[in-house]
Amino acid sequence: MSMSSVEIWTVIVGLGIGTFLIRFSFLGLVGDRPLPAWLLRVLRYTPVAVLPGLVAPLVLWPQATDGVTDPARLVAAVATVVLGVATRNTLIAIIGGALTLYAMLWLVG
Amino acid sequence: MTRSNPKSLALRGFYDGTPFVLVVVPFALLFGVVATEAGLNVAETMGMSILVIAGAAQFAALQQMVADTPLVMILITALAVNLRMAMYSASLTPWLGKAPLWKRAVAAYLMVDQSYMLGHAKFEREPDLTLSQRLSYYFGIMTLIAPVWYAASYVGALAGKAIPPEFALDFAVPITFLAMIAPMVKSLAHLAAAVTSVVLALLFAGLPYGTGLLVAAACAMAVGAGVEVAMGRRAP
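So the sequences go chain by chain: A and B. If you're matching positions, the first sequence starts at 33 in this note's numbering and goes up one per residue. If you're matching positions, the second sequence starts at 3 in this note's numbering and goes up one per residue.
These are computed hints drawn from the structure, not numbers from a lab. If you're wondering where the values come from, they're calculated on a predicted model, not measured in any experiment. From the three backbone atoms N, C-alpha and C, an ideal C-beta is built for every residue, glycine too. Hints should not be assumed to be uniformly reliable.
Stated by the list, open to error - Which bits of chain B does chain A cover? Going by a derived footprint, with three or more residues having C-beta under 8 Å, they are: (1) 44-53; (2) 94-103.
What the hints assert, rightly or not - Have a look at the derived ranges for each label pair, beta carbon to beta carbon: (3) A:GLY99 / B:VAL217: 48 to 54 Å; (4) A:GLU39 / B:LEU209: 31 to 37 Å; (5) A:LEU67 / B:ALA153: 45 to 51 Å; (6) B:ALA161 / A:SER34: 21 to 27 Å; (7) A:VAL45 / B:VAL108: 15 to 21 Å; (8) A:ALA69 / B:LYS100: 22 to 28 Å; (9) A:VAL62 / B:ALA153: 31 to 37 Å.
Next comes chain B alone, as it looks inside the complex (with noise of 0.2 Å):
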């Protein structure tokens, strides 16, 4: 291994995320012009994706708040598709959590799907990293992507305005959905979360405020575990 200084981490973060552009941009445009069409503004889908960066869970709350969800029942169902990332803060702890409180809470807002993998697979490869080379490769990770999920989200906002309904974007969630899930089916396991939570959810389909999608979704993750372990083997 060479010897490498915090600044040529940050460096080699910054470039071991520029495929993951490809991927990040795509997606905030696709927010952008959703959110728009869905009739938020350009201040509060900024706000959005400024405050939450988080795709997935952005694009569930925008579509419960336009099925007029009651706003506890979009919280609850939107930061569940985030939980996953409580996962993340534990499994980066061991190699981040001797930082400075104030270093570790800007970990914390930069931790998404991206960061999170690059950062892990790298801290593991390498374990003689001292933690300030750690958090330069991390953060050299979202001085990229970070301002990219922005900017893009921005242009989307924007073009957003401009797309006649005749694209038929209200499909643009759904399919974005399912090509995020397909990919991640990997085991029975998933397998069996996914089917239960999507017979659960045209089931109860009829409940009020939303409730039928987190019985579905609690269920539908107690079976995922439950196969996984009967299965005697843990998903990649």
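So that you can see chain A by itself, here it is in the shape it has in the complex (with noise of 0.2 Å):
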């Protein structure tokens, strides 16, 4: 990482600022009022509409192999959502992926 380390503490207080601004918001700041459906709807997808965007390159393109398609890393980030799916079991699914891992890496490398 290129960041130095202003950089990095003024990401580390501004996502603190931030996060607590988002947390206080209706408890501290809006009060209780009912808010519209829409709006409701759309923060119920956030997680689901951010995380997989931010993790797809990284799977099909990892830094490690340079951007080249490794598929070590490819097969057990299949393991890993199979399991995260079958099992709803964040744990489950993270072991069995890294286990996948070292296995393929094992096998292939």
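Fit chain to chain and form the complex, with the hints in mind.
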């Protein structure tokens, strides 16, 4: 990472303040009033709209292989998703994905 | 329903939070390790875990810091991940909104997935609880979860230096994200949003300053909401 210490702390403090303001928004500022249905609907999809897009390029073009698609990492990613969907358990999916990655790296690499 | 004083409700919250330790510990450990590998020192890693306490957003920020994304874009993306907490804030307000301002501020700081889910479920199940009982329960949960989050981040940050590159930790973040997303996909609308996000993020990967991801996320939210409306039913 080529960020300076000042830049790193700017991210940390900015993220801290911003996250607090999101959490404080209704509880502290807006108060108890009904939210428009469309807003609730959009908010419901924020994690599932941001995180997959963030992760997709990392899976297909890993930094560790200079952006070349890597079979071991791809298979590990698929295993993680399958386990996550099947078990609905994040921890099991992480462990299964990591084991798959190591097994694949050992087999292929 | 038994009549309980605030103290016993604080204990109740503490106990109800214990199963989540199994989720929080590995996640915080991993954050500490990955943050150290990314080049953050122990103070910076702990600064983020203490000031932000939001795992997914912390990982998202880290990922973009490594990719040398501009500051503003890092903040926008990571905060977008946390926007769901506005929904938590709104739905806790009928239950905690009458508390003094400083208590509401502390409750806001401690608003994480676990305190929201447990707290909201408890308040709905037992609507006769007094305000102070509700606050005791909510703070009881976080008396356990928050210190565990800090401590495991710290252990991870110390351990991170000792882990050699053969362990392919570069892939810890993608695996963690995938493992978090997969159980979230619980309806056709969620699936449509996730697929839109992936396809557009890959398509727009060449756009400068991480703007591609923002465009993809905005479209994906709209698609999710649109599919939900079209299906004519509310997601759980």
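Results of checking the hints against the structure:
{"no.": "1", "hint": "44-53", "verdict": "holds (count 4)"}
{"no.": "2", "hint": "94-103", "verdict": "holds (count 6)"}
{"no.": "3", "hint": "A:GLY99 / B:VAL217: 48 to 54 Å", "verdict": "violated, 21 Å"}
{"no.": "4", "hint": "A:GLU39 / B:LEU209: 31 to 37 Å", "verdict": "violated, 22 Å"}
{"no.": "5", "hint": "A:LEU67 / B:ALA153: 45 to 51 Å", "verdict": "violated, 36 Å"}
{"no.": "6", "hint": "B:ALA161 / A:SER34: 21 to 27 Å", "verdict": "holds, 25 Å"}
{"no.": "7", "hint": "A:VAL45 / B:VAL108: 15 to 21 Å", "verdict": "holds, 19 Å"}
{"no.": "8", "hint": "A:ALA69 / B:LYS100: 22 to 28 Å", "verdict": "holds, 25 Å"}
{"no.": "9", "hint": "A:VAL62 / B:ALA153: 31 to 37 Å", "verdict": "holds, 34 Å"}
Checked against the numbered hints above, the structure violates hints 3, 4 and 5; every other hint is satisfied.
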